[in-house]
Amino acid sequence: MAKVTIKLPDVGEGIAEAELTEWAVKVGDEIQEDDVLGTVMTDKAAVEVPSSVSGKVVWLAGEPGDTLAIGSKFVEIETSDEEAAAAEERMAEKESEEPAESPEKPAESEEPKLDKAEKHAPAAASSKPETSSVPAKPRTTPLASGDRPLASPAVRQRARDAGIDLRLVAGSGPAGRISHADLDAWIAQPQTAGFGSGRPNVQRSDEDVKVIGMRKRIAEKMSISASRIPHITIVEEIDVTDLEALREKLNAQHAKERGKLTILPFLVRAICKAVAEQPGLNATFDDEAGVIHQSGAVHVGIATQTPNGLTVPVVRNAETMSLWDTAGEIVRLAEAARSGKAKREELSGSTISITSLGPLGAIATTPIINHPEVAIVGVNKMAMRPVWDGQDFVPRKIMNLSSSFDHRVIDGWDAAVFVRKLKDLIETPALLFIDA
Amino acid sequence: MENLTCKLLVIGGGPGGYVCAIRAAQLGIETIIVEERAYGGTCLTVGCIPSKALIHAADEFARLTSYAEGKSALGISAKNPSMDFPKTLAWKDGIVDRLTGGVKGLLKKAGAKAIEGTATFIDGKTVRVESNDASYEIAAENVVIATGSEPVELPFLPFGDTVIDSTGALALPKIPERLAIVGGGYIGLEIGTAYAKLGSDVTIVEAEKRILPQYDVALTKPVLKSLADFGVTVMTETKAKGLASKGLEVEKSDGSAEVVAAERILVTVGRRPRSKGAGIPDLDLTMDRNFIAIDSQCRTSMRGIYAIGDVTGEPMLAHRAMAQGEMVAEIVAGGKREWDKVAIPAVCFTEPEIVTCGLSPEEAKARDIDVITGQFPFTANGRAMTMESEAGFVRVVAREKDHVILGIQAVGRGVAELSAAFALALEMGARLEDIAGTIHAHPTQSEGFLEAALSALGHALHI
Numbered sequence: 000m001a002k003v004t005i006k007l008p009d010v011g012e013g014i015a016e017a018e019l020t021e022w023a024v025k026v027g028d029e030i031q032e033d034d035v036l037g038t039v040m041t042d043k044a045a046v047e048v049p050s051s052v053s054g055k056v057v058w059l060a061g062e063p064g065d066t067l068a069i070g071s072k073f074v075e076i077e078t079s080d081e082e083a084a085a086a087e088e089r090m091a092e093k094e095s096e097e098p099a100e101s102p103e104k105p106a107e108s109e110e111p112k113l114d115k116a117e118k119h120a121p122a123a124a125s126s127k128p129e130t131s132s133v134p135a136k137p138r139t140t141p142l143a144s145g146d147r148p149l150a151s152p153a154v155r156q157r158a159r160d161a162g163i164d165l166r167l168v169a170g171s172g173p174a175g176r177i178s179h180a181d182l183d184a185w186i187a188q189p190q191t192a193g194f195g196s197g198r199p200n201v202q203r204s205d206e207d208v209k210v211i212g213m214r215k216r217i218a219e220k221m222s223i224s225a226s227r228i229p230h231i232t233i234v235e236e237i238d239v240t241d242l243e244a245l246r247e248k249l250n251a252q253h254a255k256e257r258g259k260l261t262i263l264p265f266l267v268r269a270i271c272k273a274v275a276e277q278p279g280l281n282a283t284f285d286d287e288a289g290v291i292h293q294s295g296a297v298h299v300g301i302a303t304q305t306p307n308g309l310t311v312p313v314v315r316n317a318e319t320m321s322l323w324d325t326a327g328e329i330v331r332l333a334e335a336a337r338s339g340k341a342k343r344e345e346l347s348g349s350t351i352s353i354t355s356l357g358p359l360g361a362i363a364t365t366p367i368i369n370h371p372e373v374a375i376v377g378v379n380k381m382a383m384r385p386v387w388d389g390q391d392f393v394p395r396k397i398m399n400l401s402s403s404f405d406h407r408v409i410d411g412w413d414a415a416v417f418v419r420k421l422k423d424l425i426e427t428p429a430l431l432f433i434d435a
Numbered sequence: 000m001e002n003l004t005c006k007l008l009v010i011g012g013g014p015g016g017y018v019c020a021i022r023a024a025q026l027g028i029e030t031i032i033v034e035e036r037a038y039g040g041t042c043l044t045v046g047c048i049p050s051k052a053l054i055h056a057a058d059e060f061a062r063l064t065s066y067a068e069g070k071s072a073l074g075i076s077a078k079n080p081s082m083d084f085p086k087t088l089a090w091k092d093g094i095v096d097r098l099t100g101g102v103k104g105l106l107k108k109a110g111a112k113a114i115e116g117t118a119t120f121i122d123g124k125t126v127r128v129e130s131n132d133a134s135y136e137i138a139a140e141n142v143v144i145a146t147g148s149e150p151v152e153l154p155f156l157p158f159g160d161t162v163i164d165s166t167g168a169l170a171l172p173k174i175p176e177r178l179a180i181v182g183g184g185y186i187g188l189e190i191g192t193a194y195a196k197l198g199s200d201v202t203i204v205e206a207e208k209r210i211l212p213q214y215d216v217a218l219t220k221p222v223l224k225s226l227a228d229f230g231v232t233v234m235t236e237t238k239a240k241g242l243a244s245k246g247l248e249v250e251k252s253d254g255s256a257e258v259v260a261a262e263r264i265l266v267t268v269g270r271r272p273r274s275k276g277a278g279i280p281d282l283d284l285t286m287d288r289n290f291i292a293i294d295s296q297c298r299t300s301m302r303g304i305y306a307i308g309d310v311t312g313e314p315m316l317a318h319r320a321m322a323q324g325e326m327v328a329e330i331v332a333g334g335k336r337e338w339d340k341v342a343i344p345a346v347c348f349t350e351p352e353i354v355t356c357g358l359s360p361e362e363a364k365a366r367d368i369d370v371i372t373g374q375f376p377f378t379a380n381g382r383a384m385t386m387e388s389e390a391g392f393v394r395v396v397a398r399e400k401d402h403v404i405l406g407i408q409a410v411g412r413g414v415a416e417l418s419a420a421f422a423l424a425l426e427m428g429a430r431l432e433d434i435a436g437t438i439h440a441h442p443t444q445s446e447g448f449l450e451a452a453l454s455a456l457g458h459a460l461h462i
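Protein chains in written order, with numbering that gives the first Met the number 0: chain S, 0 to 435; chain V, 0 to 462.
To be clear, the hints were calculated from the coordinates, so they are not data collected in a lab. Quick caveat, the model's predicted, so the values are computed rather than measured. Cβ atoms here follow ideal geometry from the backbone N, Cα and C, with glycine treated the same way. Just so you know, nobody snuck in bad clues.
Simulated coverage check for chain S against chain V, where a stretch passes if three residues somewhere in it have a Cβ under 8 Å from a Cβ of chain V:
1) 159-169
2) 173-183
Only pairs whose alpha carbons sit at most 20 Å apart, straight line, appear in this in silico DMTMM-like list of lysine to aspartate or glutamate:
3) K335(V) - D183(S)
4) K335(V) - D164(S)
5) K340(V) - D146(S)
6) K400(V) - D146(S)
7) K364(V) - D146(S)
8) K112(V) - E129(V)
9) K335(V) - D160(S)
10) K340(V) - D164(S)
11) K108(V) - E325(V)
Sequences and hints are given; from them, build the entire structure.
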């Protein structure tokens with residue numbers, strides 16, 4: 000028998016380390032060549048690391064949450080001598096032939112498996128790996144009153160000590176018998192609310208959730224943004240009645256063949272127009288080097304909620320796009336980000352960002368700038384409001400924009416001018432389409 | 000007057016009380032227990048234990064008698080068996096003494112303070128105890144009422160020399176020639192059968208249509224047969240009316256009066272909770288008829304006062320009280336405990352024994368549960384044949400939809416020991432398949448349990 004060491008491949012663009020988010024195998028597992036060993040996370044994306052050999056896993060590099068150096072020992076696999084020799088050959092080939100492509104390869108060629116990883120990721124983040132295979136489903140049909148949950152006295156006592164109502168726990172045993180493993184799984188999973196029984200939620204035990212993977216990235220980025228950038232936030236009221244009328248008209252005419260327009264492509268267009276006059280806002284600020292890089296192109300980041308947390312896919316060269324192209328691109332990117340299929344370059348390189356909570360948009364927000372950008376535009380909820388037009392109160396569709404700016408490089412005056420420009424463009428939508 | 004304080008005071012040293020005190024002391028709770036007669040309570044001193052001793056002695060004697068009568072198919076003969084009844088009673092008392100002494104030893108070992116005396120509530124937190132040589136006033140954070148129960152006395156048959164209760168029946172100076180028993184419940188039948196085996200002419204008077212009315216007919220049939228074999232007269236639908244000059248006056252269902260000749264009359268018409276003494280009524284606790292009402296944690300309506308055992312209601316069984324006592328001790332110690340037992344097994348030590356655990360087919364039906372049942376007779380069990388114990392059967396009741404076992408009943412000699420398997424099956428939530436899939440040792444009567452489960456599944460092997 001021979002031992003083959005799988006090293007952590009270069010999974011990012013010249014990054015030095017990656018965070019281990021999940022093991023797909025455990026010590027003792029028999030695996031086949033190309034089976035996924037585990038998932039690591041770079042700044043941008045989760046990447047699965049496949050095995051180059053078949054054999055038995057004998058060593059793993061760490062626990063989910065650990066940061067591993069690129070090229071360090073990742074997994075050790077015990078395998079037959081021939082297999083080991085073949086693997087060595089293959090690795091040598093790969094290194095000589097396609098060193099640059101190798102990091103892309105797992106992500107692209109194994110797309111279906113990535114899906115799987117996405118599905119497993121939340122479980123790995125919140126439950127112990129050894130219990131994640133046991134379904135911790137709540138009971139789907141409530142027990143008839145008087146029916147006792149089927150469980151041994153020891154399980155019943157453990158449940159009582161943990162404050163768990165066994166009537167809510169689905170048993171995996173015959174006739175729905177609840178085992179210790181079922182209880183483990185129930186305890187490990189994040190608790191949801193009760194089943195409309197009118198009783199308060201079952202008492203919860205304390206739980207420590209390890210901040211790993213995507214959440215860790217978000218936490219780091221937010222810390223940098225909030226601690227380094229002195230924000231100035233301006234909230235302005237925008238009358239979108241005319242824009243909404245235009246949007247409705249366009250949708251009525253073209254929605255079928257061109258897709259539906261939301262307010263976002265209009266806003267992207269307004270931003271493109273506004274930053275054409277104020278290039279200092281479409282920029283990244285390298286505060287360490289002391290350089291503001293004003294971008295020629297407008298790459299608009301669209302903050303998007305995904306199952307794993309906040310990501311910011313980027314509409315590149317928005318200034319060159321038609322309204323419908325922009326709309327289509329936003330939809331496509333949001334889909335890709337949510338399903339975890341967004342490519343690395345689609346998740347980086349923005350020069351200004353938009354954040355929108357849609358119908359949850361509230362009256363005002365204090366958006367946090369997507370470092371190292373210098374401006375972010377937040378869209379708030381639209382509502383019909385009475386507006387005094389000089390003679391009467393008239394119903395107008397009003398929406399606020401909450402925009403934040405890096406006050407180190409953008410003065411309040413410039414920020415206000417930018418917001419004012421957005422307001423003018425949106426309130427008189429014809430201006431969006433006229434090159435003055 | 001000595002003033003004492005403690006975290007837990009237990010009133011009554013029966014099976015519920017002493018278990019509660021031992022467990023509490025084990026958990027490091029400062030515990031005092033008060034008993035006015037003897038530790039072990041009804042169970043150890045005048046109930047379960049002495050009656051089983053008498054039953055065993057009677058069994059042994061009856062066996063020899065049958066051998067002497069030349070009835071043995073085994074080819075064993077005996078001549079003139081005799082019994083030194085006072086010696087039998089001394090042997091029985093020896094067992095009782097050992098056990099009550101053992102309880103005191105266990106309490107001491109666990110670290111509970113045991114006082115012999117009579118307790119009376121002053122208020123919900125304070126109890127006065129009068130013993131022979133001292134008196135105490137005990138202030139307790141928690142009090143457990145475990146005062147038990149006592150035989151019901153019929154107003155027209157007051158207990159005395161002739162009319163006795165079960166306690167008296169276990170300490171008679173000699174075996175009565177004629178014994179009338181009022182009440183065909185399990186206590187009357189156990190003692191009645193024992194005396195019949197010892198040679199008494201026993202008559203059982205029962206007001207209801209049949210004896211052991213809590214059991215179904217199939218379960219009591221072997222018992223009735225053995226009663227007949229031992230010459231016991233069973234008079235059902237017959238009411239005891241009073242003491243006659245040489246026996247018991249009864250009224251039959253047709254209204255006719257008769258006198259049952261009897262030297263002694265044993266009244267076993269039930270037991271009532273001892274909830275009137277010890278100043279309990281002054282606490283004004285919520286009652287359930289004569290019983291102290293409790294919730295699923297044995298809490299009474301007064302904070303810090305718990306009640307366990309017979310004083311809290313049916314079934315009045317020592318093992319129920321013990322489980323309650325243990326639970327209350329752990330609750331007082333801060334544990335999360337609640338009464339969640341699936342079943343309380345009950346054993347009737349008649350000839351043959353009856354065991355019930357969980358629901359009977361009728362009880363399941365009354366609850367609108369669709370059940371399947373399986374039954375296996377001991378006539379088809381090898382071990383039963385070798386012990387001349389072919390009467391009886393094991394019956395399993397399971398929910399039809401998922402085969403979860405809801406109840407198990409058995410009647411047969413020695414089936415009392417099967418109660419553990421039955422209770423375990425119910426507590427563990429076993430299905431018929433679990434029992435069918437468990438190897439039961441051969442040759443034992445426990446195979447009857449396996450076969451009953453198989454029978455319910457439609458594929459019994461040995462019938």
